[in-house]
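Add chain B to chain A, keeping to what the hints say.
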Amino acid sequence: MSAVVWDLFLFFLKLSLVAVGGANAAVPSMHHEVVELRGWMTDASFSQGYALASAAPGPNVLFVAVIGWHVAGWQGMAASLIGFLGPTFVLAWAVAMLTQRLAGDARMAALRAGLVPVAVGLILATGLVTGAAAARGTGTEVAVAVVITFASAIFVWRSRFSPIWTLLAGGLLGLVLLGQ
Amino acid sequence: MLKPTAPTPDHAGEPPLNPPPGPSQLFAAFAKAGLMGFGGAQVWVRRALVEERRWMTERDYAEVLGLGQVLPGPNVGNAAVMIGRRFAGLPGSFAATGGLYLFPLVVLMALVLLWQEFADDPHVAAFMHGLACAAAGMVIGNGLRMTGRLRPPPELIAIGLASTLAAAWLRVPLPLIVLVLGPVSVAAVVWRGRRGARA
Chain A
0 MSAVVWDLFL FFLKLSLVAV GGANAAVPSM HHEVVELRGW MTDASFSQGY
50 ALASAAPGPN VLFVAVIGWH VAGWQGMAAS LIGFLGPTFV LAWAVAMLTQ
100 RLAGDARMAA LRAGLVPVAV GLILATGLVT GAAAARGTGT EVAVAVVITF
150 ASAIFVWRSR FSPIWTLLAG GLLGLVLLGQ
Chain B
0 MLKPTAPTPD HAGEPPLNPP PGPSQLFAAF AKAGLMGFGG AQVWVRRALV
50 EERRWMTERD YAEVLGLGQV LPGPNVGNAA VMIGRRFAGL PGSFAATGGL
100 YLFPLVVLMA LVLLWQEFAD DPHVAAFMHG LACAAAGMVI GNGLRMTGRL
150 RPPPELIAIG LASTLAAAWL RVPLPLIVLV LGPVSVAAVV WRGRRGARA
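Protein sequence lines, in the order shown, are assigned to chains A and B. FYI, numbering that gives the first Met the number 0 numbers position 16 of the first sequence as 15, with every residue one higher than the one before it. FYI, numbering that gives the first Met the number 0 numbers position 193 of the second sequence as 192, with every residue one higher than the one before it.
No wet-lab data here; the hints were simulated from the structure. Yeah, the Cβ is synthetic: ideal placement off N, Cα and C, and Gly gets one too. One or more hints might be untrue.
Heads up, incomplete: computed chain A residues facing chain B, CB under 8 Å, no partners named [to be verified]:
hint, residue
1, L90
2, L110
3, G113
4, G126
5, I163
6, G178
Stretch by stretch, here's where chain B covers chain A in the computed footprint (C-beta under 8 Å, at least three residues) [what the hints assert, rightly or not]:
hint, stretch
7, 5-11
8, 20-34
9, 37-46
10, 94-107
The following block holds chain A by itself, in its conformation from the complex (with noise of 0.2 Å):
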């Protein structure tokens, strides 16, 4: 294993552990450090990479496998995840068990019950973000784009139906009104 693997592996593994909120929080620490201070990356293809990623299905951690790839290939990949995904999941298996362990315990309930509103507040937060990051272009786009984000959580909050169809949708009128 090459010594850039090590570091990726290594810096992955210490991010890992302070990114509460998930791949989309730590971005800018990952910038800095592998933009910035390492030069792995250039500014541009870290953009198209995070991009890609977002627009990729699944969660948007797969970009430190973007970035793991660029810096050393497939090993590169392997280490950033495992280094990254490592952690958490030995963190969160440790939660479960205290959880599943203290089921009865009403202390316990009040703290799993109160963290509810706080997540899903941020859940609407990450859409409502992502939805305005969304509303660019001409003034005309910027209104197609808000009535797509709007009608779609119309549908899936109301309609049983999969999002499948409000994604789908969106994406052929992006195709016929966005496409100037």
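For chain B alone, coordinates are given in the frame of chain A:
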């Protein structure tokens, strides 16, 4: 000390639960959620586990996700580890985590390798732009749907809105929001429980 906070059963208004899944069923459910998971795999994991396969109640899932949110790392990844453990131990955690990441990783690496071919195609860019808008709406709609089904009391709605505003509008760092509003919210739950117990 505390009485249970919910006066009605957990699954009030929801169909009964199905038997707990084994590792292979977990892998299949999380693999589908990961592959479909444009703009937030969490939406698809919730849909699969709560609405389609009925392995968990809405409240139960929301609580696991809440814990996953305050732990470092992706909330849905943490939820996969915890849900997998509960239903099928360590093999369950590995199956759920593997399912969640494996196929999206393959798709993403294919995109990375092929991207130069169609990065400059305006049609692709326009489709992805529309998809991004719809995905943002999907995440918002999913949050509203969870809230509607959880039927929280007014004080918890206020705390949820405060979290949304703090994160989306004021851009308060996430750990700070959790550290400040988390304890307030737990206190509100305890207060509601005591009030319910006296009534």
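*asked:* Is the listed coverage of the stretch 5-11 of chain A by chain B valid when you require three or more residues with a beta carbon under 8 Å from a beta carbon of that chain?
replied: violated (count 0)
*Was the hint right that L90(A) lines chain B, CB cutoff 8 Å?*
holds (6 Å)
*Apply the coverage criterion to the stretch 20-34 of chain A and chain B: a residue qualifies when its Cβ sits closer than 8 Å to a Cβ of the chain, and three qualifying residues are needed.*
holds (count 4)
*Assertion that chain B covers the stretch 37-46 of chain A - criterion: three or more residues, beta-carbon distance below 8 Å*: violated (count 0)
*Regarding the hint that G178(A) lies at the interface with chain B, is the smallest CB-CB distance below 8 Å?*
Hint holds; G178(A) Cβ to chain B Cβ min 3 Å, cut 8 Å.
_Restraint check, 8 Å cut-off on beta carbons, for G113(A) near chain B_ = holds (3 Å)
*Restraint outcome when G126(A) is required to lie within 8 Å of chain B by C-beta distance*: OK, holds: G126(A) within 8 Å of chain B, min 3 Å.
*Within the assertion that chain B covers the stretch 94-107 of chain A, do at least three residues meet a Cβ-to-Cβ distance smaller than 8 Å?*
Check passed, 7 qualifying residues.
_Interface hint outcome for L110(A) [beta carbon to chain B under 8 Å]_ = Since chain B brings a Cβ to about 6 Å from L110(A), closer than 8 Å, the hint holds.
_I163(A) as chain B interface residue, shortest Cβ-Cβ below 8 Å_ = Result: holds, 6 Å to nearest chain B Cβ.
The structure shown violates the earlier hints numbered 7, 9.
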